Amino acid sequence: MMAEAIIELKSVERHYVQGPRKLTILNGADFSLKRGEMVALVAPSGSGKSTLLHTAGLLERPDAGDVILAGRACGRLSDDERTSIRRNDVGFVYQFHHLLPEFTALENIMMPQLIKGLPRKEAAERAAQLLDYMQIGKRASHRPSELSGGEQQRVAIARAVANAPLVLLADEPTGNLDPVTASYVFDALGALVRQSGLAALIATHNHELAARMDRRVTLADGKVVPLGSG
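full-length UniProt numbering applies: residue 1 is where the sequence shown begins, and numbers increase by one.
In case anyone wonders, no lab produced these hints; they're calculated from the structure. Don't take each hint at face value.
[To be verified] Label pairs and their in silico Cβ distance ranges:
{"id": "1", "residue 1": "S145", "residue 2": "S45", "range": "27 to 35 Å"}
{"id": "2", "residue 1": "P179", "residue 2": "A73", "range": "37 to 45 Å"}
{"id": "3", "residue 1": "G197", "residue 2": "M111", "range": "22 to 30 Å"}
Nothing here was measured: the structure is a model prediction, and the numbers come from that model. Note that CB positions come from ideal geometry on N, CA and C, so glycine has one too.
Between the sequences and the hints, there should be enough to build the whole structure, so can you do that?
Written out as structure tokens, the structure is:
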């Protein structure tokens with residue numbers, strides 16, 4: 001039996017107005033992700049990768065079509081409803097880690113859990129488990145400035161999944177790392193996706209890493225299309 005899609009984009013359109021021009025970025029885009037699946041989004045800069053990620057993650061509202069998350073149509077929900085869904089069901093990782101510099105690695109991972117309302121003790125235990133899983137438990141008390149680039153990005157990944165989201169959306173998560181560190185961080189991310197059953201869409205220019213995912217897609221004329229294998 002085929003696994004059910006955790007997230008679906010159905011005929012999504014996204015337009016921007018620049019002066020007298022209407023710029024079409026997504027034009028009837030269809031896409032779906034299943035639980036435990038890692039999909040690479042490989043496309044040139046300016047093709048709409050960030051727009052696709054932001055729309056899938058409910059940061060931007062589609063101009064037409066819909067985003068279905070865990071069976072729920074989200075495209076026309078209120079801003080408050082969309083914010084609540086993002087907080088609980090969607091994790092984001094960016095090229096730059098965006099860690100809070102005044103807090104330790106442990107505290108950075110605790111933050112989204114505390115915002116969600118978890119008790120501090122429970123949040124700290126979950127954060128410590130995630131740091132151990134990412135093999136940087138010994139760095140829990142270090143602030144971002146005391147961590148290497150790879151360590152910082154692993155903390156950012158742990159923070160993104162701290163609230164056990166259904167979907168992880170990553171925009172060039174290894175883009176600032178050297179090839180060896182990028183491969184190590186990717187392996188840690190992949191293990192986390194498999195273990196937790198996350199559905200992950202990862203935008204990357206790294207074709208070697210893209211080839212290690214379950215499948216690859218690109219954007220062409222505002223639509224999501226398969227990129228092929230190998």
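A quick look at each hint next to the structure:
1. In this structure, S145 and S45 meet the distance hint of 27 to 35 Å, their C-beta atoms being roughly 29 Å apart.
2. In this structure the supplied range 37 to 45 Å holds for P179 paired with A73, their Cβ-Cβ distance being about 41 Å.
3. Separated by about 23 Å at the C-beta atoms, G197 and M111 satisfy the suggested range of 22 to 30 Å.
Checked against the numbered hints above, the structure breaks none of them.
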